[in-house]
Every structure is written in C-alpha cells, then in structure tokens.
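Chains as they are written, first to last, in the numbering used here: chain L, 27 to 268; chain Z, 2 to 50; chain A, 113 to 252.
Think of the hints as simulated: they come from the structure by calculation, not from any bench.
C-beta: ideal position from N, C-alpha, C; glycine also.
Each hint should be verified, as a subset may be incorrect.
Simulated pairs of lysine-lysine, BS3-like, Cα-Cα distance not exceeding 25 angstroms [as the list claims (entries may be wrong)]: (1) L:Lys266 to Z:Lys35; (2) L:Lys260 to L:Lys47; (3) Z:Lys33 to L:Lys47; (4) A:Lys156 to A:Lys224; (5) Z:Lys37 to L:Lys177; (6) L:Lys260 to Z:Lys34; (7) L:Lys177 to Z:Lys35; (8) Z:Lys48 to Z:Lys35; (9) A:Lys179 to A:Lys222; (10) Z:Lys48 to Z:Lys33; (11) L:Lys47 to Z:Lys35; (12) Z:Lys37 to L:Lys180; (13) A:Lys164 to A:Lys219; (14) L:Lys266 to Z:Lys48; (15) L:Lys177 to Z:Lys34; (16) L:Lys177 to L:Lys260; (17) Z:Lys35 to L:Lys260; (18) L:Lys181 to A:Lys118.
Just a sample of chain L residues kept apart from chain A, beta carbon distances all over 12 angstroms, derived [claimed, not checked]: (19) Asn40; (20) Phe44; (21) Lys260.
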Amino acid sequence: MNLKKIYKYGSPPNFYRFAMKLEPWCLSLGLFLIAIGSIGGLFVAPKDYQMGDAFRIIYFHVPSAYLSMSAYAAMGIASIIGIVWRSNVAFAVAKSIAPFGALMTAVALITGMLWGKPMWGTAWVWDARLTSEFILLLLYFGYITLHATIKEQKKADRAASLLAILGIINLPIIHYSVVWWNTLHQASTISKLDSPSIVGEMLWPLLLMIIGYMIFFIGVICRGGSAEVLMREKRSNWVKEV
Amino acid sequence: MSIFDMGDYNFYVWSSVFVSMLALFLTYFDAKKKHKDATSAIRNMNKPK
Amino acid sequence: MLPRHKRLLGILVTLIGVTVAITLILSSFQDNLLYYVTPSEAIKKIDDDQSKFRIGGLVEVGSFKRKDGSLQSRFVLTDGIESVEVNYIGILPDLFREGQGIIVTGKFDKMKIFIATEVLAKHDENYMPPDIHALKESTS
Numbered sequence: 027m028n029l030k031k032i033y034k035y036g037s038p039p040n041f042y043r044f045a046m047k048l049e050p051w052c053l054s055l056g057l058f059l060i061a062i063g064s065i066g067g068l069f070v071a072p073k074d075y076q077m078g079d080a081f082r083i084i085y086f087h088v089p090s091a092y093l094s095m096s097a098y099a100a101m102g103i104a105s106i107i108g109i110v111w112r113s114n115v116a117f118a119v120a121k122s123i124a125p126f127g128a129l130m131t132a133v134a135l136i137t138g139m140l141w142g143k144p145m146w147g148t149a150w151v152w153d154a155r156l157t158s159e160f161i162l163l164l165l166y167f168g169y170i171t172l173h174a175t176i177k178e179q180k181k182a183d184r185a186a187s188l189l190a191i192l193g194i195i196n197l198p199i200i201h202y203s204v205v206w207w208n209t210l211h212q213a214s215t216i217s218k219l220d221s222p223s224i225v226g227e228m229l230w231p232l233l234l235m236i237i238g239y240m241i242f243f244i245g246v247i248c249r250g251g252s253a254e255v256l257m258r259e260k261r262s263n264w265v266k267e268v
Numbered sequence: 002m003s004i005f006d007m008g009d010y011n012f013y014v015w016s017s018v019f020v021s022m023l024a025l026f027l028t029y030f031d032a033k034k035k036h037k038d039a040t041s042a043i044r045n046m047n048k049p050k
Numbered sequence: 113m114l115p116r117h118k119r120l121l122g123i124l125v126t127l128i129g130v131t132v133a134i135t136l137i138l139s140s141f142q143d144n145l146l147y148y149v150t151p152s153e154a155i156k157k158i159d160d161d162q163s164k165f166r167i168g169g170l171v172e173v174g175s176f177k178r179k180d181g182s183l184q185s186r187f188v189l190t191d192g193i194e195s196v197e198v199n200y201i202g203i204l205p206d207l208f209r210e211g212q213g214i215i216v217t218g219k220f221d222k223m224k225i226f227i228a229t230e231v232l233a234k235h236d237e238n239y240m241p242p243d244i245h246a247l248k249e250s251t252s
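Chain L extracted, bound-state conformation (with noise of 0.2 angstroms):
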C-alpha cells in the first residue's frame, strides 16, 4: 500500500474538490432509484398473501433499517482511520455522518412502529431486535451529545469516536439478534443472497430502494462531510479559494 498516495488524496483540498464533485451525481442518481422503486413497490408489485398492502412498509423499513446500519459501520471505521492515521478529514466526515445515522435509526423504528401496530397487533416490544436497534440510536445520541459537549475539538475527536468504535460492537448483535434469540420480529428476508425469501416482482423495488439510499447517503456525506472540513480547515491558504 503506497501510503504516500493515501495521505495525498486524504488531504482536506483534495477531498473537498472530489466529494463536491461526486455529490450532484450522488443525489440525482440516488433520488432517481428512490423515485422508481418508491413507485415499484407501493404500485407494482403485488400484495402480500397474508398482510396485504401493509406489507409495503417494508420498501421504506428496510432500507432505513439498512442504512441506520451500514452509516454506523462506516462510522466507526471512519473513527479508526481518523484515531489510527490522525486524519482530520476523517474525523469530519465520521462527524458529519452521525446526524445521518441518528434520522435513519429514528425513522426505522418509526415505520417500523407503523408496520408493526397493525401487523403483529403492537407498536413496540422489548424484543433483542427492537432493543438493540434502540441501543444504535442511543449510540448515535452519544456520539452527538459529545461532540456537542466537549469543547477542545482534538479532545472532543477523540472522545466520541472511541464511543463510535466500541458501538461497533452492536451492529452484528442487531444483525444476529433474529437468530439468536426468540424475537417477535422476523428473520432477514434478503441477507441470503443466494435464495431470498421473497419473489422477484417484490424484490426488485426493494433493492432500489437500498441501493437510491445508499447512494444518496454518500451524496449528503460529500456535502456534509465537506461543510466540516471547511470549518475545521478556515485558516488555511486553500480554503481562500473555495
């Protein structure tokens, strides 16, 4: 690995030229798959046998459910790198996914009250699912809370992503959790690749989806991940220029 590179294209001019170059693509591209697999799977595809219509919930749970997750992977590693490599870059764009992170966990469980009220016959349970999604939002809240909190930015970089790091810890308990214990929520229906658990005219909108969220993800990360390193980099020559 040639870390010189690294550290070149990991420099504050450079990220900020490449992420404000990658965003409009980002957006556009990721609204686009939103737009058609929003239409895919609340028109197209067909009704559940046994839940109806209200099993389109799942085209809006899931991929907010997947990205509540994927945003704190990339989180924490964010936070290694930032720890590891003393890179100010990646410490501003771990910080600028968090609030990210937070909607996306707030607005799973959010659907996944309004999917779950009507279906299993209540909003909310203490199951090891329900529970350790809780935890990632309580995580995400933690990680704001300090850096909101701690003044000296070094000290505050450093504070929060050890919190960040250490919750990585729950990412495959709440992948697992539907496997190890007896939970009132179900399985994974996609995460077996090779044979999903669902037909093709219903999977089809919900991989859209996943995919328009993550891209569009990026998208917001590249703005707002660049809207920080500006704040962090103010004094310095090149930032004149921007």
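Following the hints, position chains Z and A against chain L.
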C-alpha cells in the same frame, strides 16, 4: 386506484412513506445548510478590513 | 513500532476485550433475552408459582373457537411436540389465523388453561403474492 384504498392500512403505509421522505429531505438540507454556513463564515473571516 | 501501529493495536485490543465481555454478559442473560418460550418449555413450569410470561407457537389448525358476537376466543398453541390451550378476551391482530405463529402473554389458571392478556402475531420472513402462495400450497 387500489393503492389509495387500502382501508385501515392507508394510514400506516402512507405515514411511513411520508416519514421516510421527510427524513431524506431533512438530512440533505441539514448538510446543505452546514455547508452554506461554513462558506459564509469563511468569507466573513477573509473580508479585507 | 510506529505510533500509529500502537494506536491501531490499542483499538483492536480494546475492541476484542469489550467483545468478550459483552459476549459473556449476553450469554449469562440468555434466558432473559428470549422474548418467549415454546409450549414444551411452558408445560414444564405449569405448576410453578408464576408471574406473567410469554409463549410462542403456532395456532393449531381447527382449534380456533369464538362465540359469535363476543371477543372471547379459545385456541391451542403448539410447537409440534406439546400444546397449550389458550383463552383470550380481546381484539386479535390482523395476521391472526390458524397455522400462524403467535405470541401470547399471560399465565396458567388452575385448570391449566393459559389465560392470555395479550396476543401478538409473529410474521415470517417470506413474502409472496396470493397466487404464488396458492401454487406452493397445491404442489406441497
């Protein structure tokens, strides 16, 4: 169209659509606002005095 | 060893340590983390002095009875080995049907009937339109 006529499920499905879209909207405009604030702060700082 | 290698090692060691600790904690609370027990496990503690607990199983086909015009229903929950008779007064979730996975909260009365105060429907991870479901049923 049948999708607007899901009986009891209308509320649940369309609320979840609304919440999801609102969140996507909010998260993007939050990032955009932060970016705007940052650039305007830097412009103020570099104003010739 | 470069300082950044030390930091990386530090993170890895901490992560492994905390993972081990959490694994130990979770495995010692295994019983509390289970949201429900099966009918076979429930039968074993039928004579114990009980607080409320949850049983999860399938509604036995042909066992569901409900008086017309009342909310009182009776059905049998089974895991294929043992079964429990359940009595419940209240509104059943939309997914409730015979053969469906159901979780009931409550306790046994003196007649060894489980008096449920809450009935939840558990959904599986399979999704398909009605025609494909009918096709699958007929071929199996």
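Compare the structure with the hints numbered earlier in the document and write down the numbers of the violated ones, lowest to highest.
As far as the earlier hints go, not one is violated by this structure.
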